[in-house]
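*Asks:* These are the residues of each chain, in order.
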Amino acid sequence: MMNIQFGRRHALGLAGGIALGGLAAPTVARAQAAPIKIGLVALATGPAATLGTHLRDGFQLGMRHLDGKLGGRAAEVLLIDDELRPDAAVTKVRAALERDRVDFVVGVVFSNILAAIMRPVTDNQTFLISTNAGPSPFAGRGCNPFFFATSYVNDQNHAVMGKAAQDAGYGRVMLLAPNYQAGRDAVAGFKSEYKGTVVDEMFTPLTQMDFSAELARIAAARPDAVFTFMPGGLGVAIVRQYRQAGLASIPFLSAFTVDEASLPAQGEAALDFQTGTSWTPTLPNEQNARFVRDFEGAYNYVPASYAAHAYDAAMLLGSAVTKIGGNLADKAALRAAIKAADFRSVRGNFAFGANHFPVQDFWLAKVARRPDGKFQTEHVRKVYDNVTDPFAAQCRMPAA
Amino acid sequence: MSLTLLLVQGLNGLQLGILLFLIAAGLTLVFGVMDFINLAHGVQYMVGAYLAAFLAAQTGSFWAALALALPAALVVGLVLEFLVFRHLYDRDHMAQVLATFGVILILNDGIKALFGSAPLQVPMPEALTGGFPIMDGLLYPHYRLAIIAGGLATAALLWWLVERTKAGMLIRAGATNAPMVAALGIDIRRLFMVVFGFGAMLAGFAGVMAAPILSVEPGMGDNLLILAFVVIVIGGIGSVRGAFIAALLVGTVETLGRSMMPDLMRLFLDPSAARQVGAALASMLIYIAMAAILAFRPAGLFPVRAA
Numbered sequence: 001m002m003n004i005q006f007g008r009r010h011a012l013g014l015a016g017g018i019a020l021g022g023l024a025a026p027t028v029a030r031a032q033a034a035p036i037k038i039g040l041v042a043l044a045t046g047p048a049a050t051l052g053t054h055l056r057d058g059f060q061l062g063m064r065h066l067d068g069k070l071g072g073r074a075a076e077v078l079l080i081d082d083e084l085r086p087d088a089a090v091t092k093v094r095a096a097l098e099r100d101r102v103d104f105v106v107g108v109v110f111s112n113i114l115a116a117i118m119r120p121v122t123d124n125q126t127f128l129i130s131t132n133a134g135p136s137p138f139a140g141r142g143c144n145p146f147f148f149a150t151s152y153v154n155d156q157n158h159a160v161m162g163k164a165a166q167d168a169g170y171g172r173v174m175l176l177a178p179n180y181q182a183g184r185d186a187v188a189g190f191k192s193e194y195k196g197t198v199v200d201e202m203f204t205p206l207t208q209m210d211f212s213a214e215l216a217r218i219a220a221a222r223p224d225a226v227f228t229f230m231p232g233g234l235g236v237a238i239v240r241q242y243r244q245a246g247l248a249s250i251p252f253l254s255a256f257t258v259d260e261a262s263l264p265a266q267g268e269a270a271l272d273f274q275t276g277t278s279w280t281p282t283l284p285n286e287q288n289a290r291f292v293r294d295f296e297g298a299y300n301y302v303p304a305s306y307a308a309h310a311y312d313a314a315m316l317l318g319s320a321v322t323k324i325g326g327n328l329a330d331k332a333a334l335r336a337a338i339k340a341a342d343f344r345s346v347r348g349n350f351a352f353g354a355n356h357f358p359v360q361d362f363w364l365a366k367v368a369r370r371p372d373g374k375f376q377t378e379h380v381r382k383v384y385d386n387v388t389d390p391f392a393a394q395c396r397m398p399a400a
Numbered sequence: 401m402s403l404t405l406l407l408v409q410g411l412n413g414l415q416l417g418i419l420l421f422l423i424a425a426g427l428t429l430v431f432g433v434m435d436f437i438n439l440a441h442g443v444q445y446m447v448g449a450y451l452a453a454f455l456a457a458q459t460g461s462f463w464a465a466l467a468l469a470l471p472a473a474l475v476v477g478l479v480l481e482f483l484v485f486r487h488l489y490d491r492d493h494m495a496q497v498l499a500t501f502g503v504i505l506i507l508n509d510g511i512k513a514l515f516g517s518a519p520l521q522v523p524m525p526e527a528l529t530g531g532f533p534i535m536d537g538l539l540y541p542h543y544r545l546a547i548i549a550g551g552l553a554t555a556a557l558l559w560w561l562v563e564r565t566k567a568g569m570l571i572r573a574g575a576t577n578a579p580m581v582a583a584l585g586i587d588i589r590r591l592f593m594v595v596f597g598f599g600a601m602l603a604g605f606a607g608v609m610a611a612p613i614l615s616v617e618p619g620m621g622d623n624l625l626i627l628a629f630v631v632i633v634i635g636g637i638g639s640v641r642g643a644f645i646a647a648l649l650v651g652t653v654e655t656l657g658r659s660m661m662p663d664l665m666r667l668f669l670d671p672s673a674a675r676q677v678g679a680a681l682a683s684m685l686i687y688i689a690m691a692a693i694l695a696f697r698p699a700g701l702f703p704v705r706a707a
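Here the protein sequences line up with chains A and B, keeping their order.
Position one of the first sequence corresponds to residue 1 (the numbering used here), numbered consecutively onward.
Position one of the second sequence corresponds to residue 401 (the numbering used here), numbered consecutively onward.
Isolated chain A, as found in the complex:
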């Protein structure tokens, strides 16, 4: 028992040391004014922590490109691990707001975490910028003057795939998703744009890793294509088993299932599998080329959209704080400066709609092997051009 206690305290001390080391770097450039503080909510616990790592590294690269400054003022990034537990997230974010007095809260991978910290942050009149989670209520009736998203509304990627399947002329499609809210939303999102025949919808328990029974049903039904939403480890399992079962001749359509976060484990089993997305490393613009090159140089892995959207968030903050000359006290001016989105996005087209969600392009992408042997998604064709999400119409943005 003593041993365990000692070990734990030791580990905590070590973690504290690392955190301090991370914070010390930007303070070198401390100028006359107090630094701007940004609370970065990046998941670092549990199997989904990879997504939080992408998010953190993307944002940190953005800060590096901004020389650690926002509008001429030094900026500090406080890392917050939400542990994928809403209660822990709220406690830590409250502490960041009240004790550390952060000026912005940025990040958040999962929608349930965003939902939990939404009120505490925005009630405090602090700007909250989601770089990934985009639950539809916050784009519609629940839109908020202190909330922006640099990502998308969750449902959009599924709808993109539905539209792409429709455009490709697939007459019969089979759907497969885990049996929880996001899985059912995925199926609904796909069907909102797909007008052909849905042969069957299969819902599996969230903990199920072996899909042989579902794959046998797919083989028996012989659809023109399969659409699935299987995030994280589920995606690794389904992609490899799909390939192993010899089903790859049936087009594999997906959202949040094959991306740069999962491709290292999926490897060539995922080759040519398709996904609907807002960003790929191959999007042809200068800003994106620089982002991908420097990201891989700094962190030695291929960034996913979680990283790209977080990078955009850093650039967005840089542009907004510069615009208002570093004076964060005037919230209305700051809001207008953020809303202007006067930065160059790695996605090319980027503007904020009335609900503070991006108006952007969406792409059909497929998995390819690069000359250096690493895997990435590559855009195939544009499915939507400068599209506003379908929930924006429900938003009556309240005056702050």
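Quick caveat, the hints were computed from the structure, so don't treat them as lab data.
Treat the hints loosely; a few may be bogus.
Said to hold, decoys possible - The list that follows gives simulated cross-link-like pairs (lysine to aspartate or glutamate, EDC-like), each with its CA atoms no further than 20 Å apart:
id, chain 1, residue 1, chain 2, residue 2
1, A, Lys374, A, Asp224
2, A, Lys191, B, Asp670
3, A, Lys382, A, Asp272
4, B, Lys512, A, Asp224
5, A, Lys366, A, Asp224
6, A, Lys331, A, Asp57
7, A, Lys366, A, Asp294
8, A, Lys374, A, Asp294
9, B, Lys512, A, Glu268
10, A, Lys37, A, Glu98
11, A, Lys37, A, Asp123
12, B, Lys512, A, Glu83
Fit chain B to the known structure of chain A by using the hints.
*Replies:* The following block gives chain B in isolation, referenced to the frame of chain A:
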């Protein structure tokens, strides 16, 4: 549903059952012989999978990884026994549950610190990469057949060990009445250690075998642990034969339930409700089966301990 599809699903169920058996066999021995609740058994399955991933990357060969992972899993089991479990044999179940749960947390996070939280992959052995056409448009991977074969061979080996050797006799005697075995001059602690290490190795073996088809990630054993407990409770705690029968039963019920429930529900409900209710019922099915079996045989199918 055609007959072919039914047969294919039966085969899928068999394969899941075999995998469950490999995990449950060690669990039932440890629980039955030592009256020790080891929640960390699922973590040992994960350790096996990670050992396979690490060793396969180092050696470049699945077979070498398998050969090295088994003794490594055994060593991990023995080290855990020495450090933690040995001190818990005389404590009550609550202390064991708490301590082994702690081991889960520590190992899950330890693995994350070492390998990161991203899922890893283990390449399939070259010789078993293909599959044979089992029905129109569907390949049954050779590798899954190898899992079935490996599991059956392990079952046979276990049967021989438990039923035909002196160590097996002691294990059976220990499961029935451990204090009596100790009173007869057998070093029961040593027997416990051997059983524990062997159980850890079996779980590790299951992890190695599952690694090429599933995703290797922290926490991968936690869900299977629940199924493994269902298996050993249905089979009768401490009975390897019971674990084998129950694992196949659970695997088949689970797989057939998943594939047929939605269709079955469609006879009574409209399609969208049928899918939701069917999926929900399918995941409850094995627990319903467990309740039904325990209602008639409270000590499981093959009770070991005299009531």
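*Asks:* All the hints need checking, so say for each whether the structure fits it.
*Replies:* Here is how each hint holds up against the structure:
1. A:Lys374 to A:Asp224: violated (29 Å)
2. A:Lys191 to B:Asp670: Holds: Lys191 of chain A and Asp670 of chain B sit about 18 Å apart, inside 20 Å.
3. A:Lys382 to A:Asp272: holds (17 Å)
4. B:Lys512 to A:Asp224: Given that 20 Å is the threshold and the Cα spacing comes to 39 Å, the pair is violated.
5. A:Lys366 to A:Asp224: Satisfied, since the Cα-Cα distance of roughly 17 Å is no more than 20 Å.
6. A:Lys331 to A:Asp57: violated (28 Å)
7. A:Lys366 to A:Asp294: Between Lys366 of chain A and Asp294 of chain A the Cα gap is close to 23 Å, so the pair fails against 20 Å, i.e. violated.
8. A:Lys374 to A:Asp294: OK: Lys374 of chain A and Asp294 of chain A at ~16 Å, within 20 Å.
9. B:Lys512 to A:Glu268: violated (24 Å)
10. A:Lys37 to A:Glu98: With Cα atoms ~12 Å apart, Lys37 of chain A and Glu98 of chain A stay inside 20 Å; holds.
11. A:Lys37 to A:Asp123: holds (18 Å)
12. B:Lys512 to A:Glu83: holds (14 Å)
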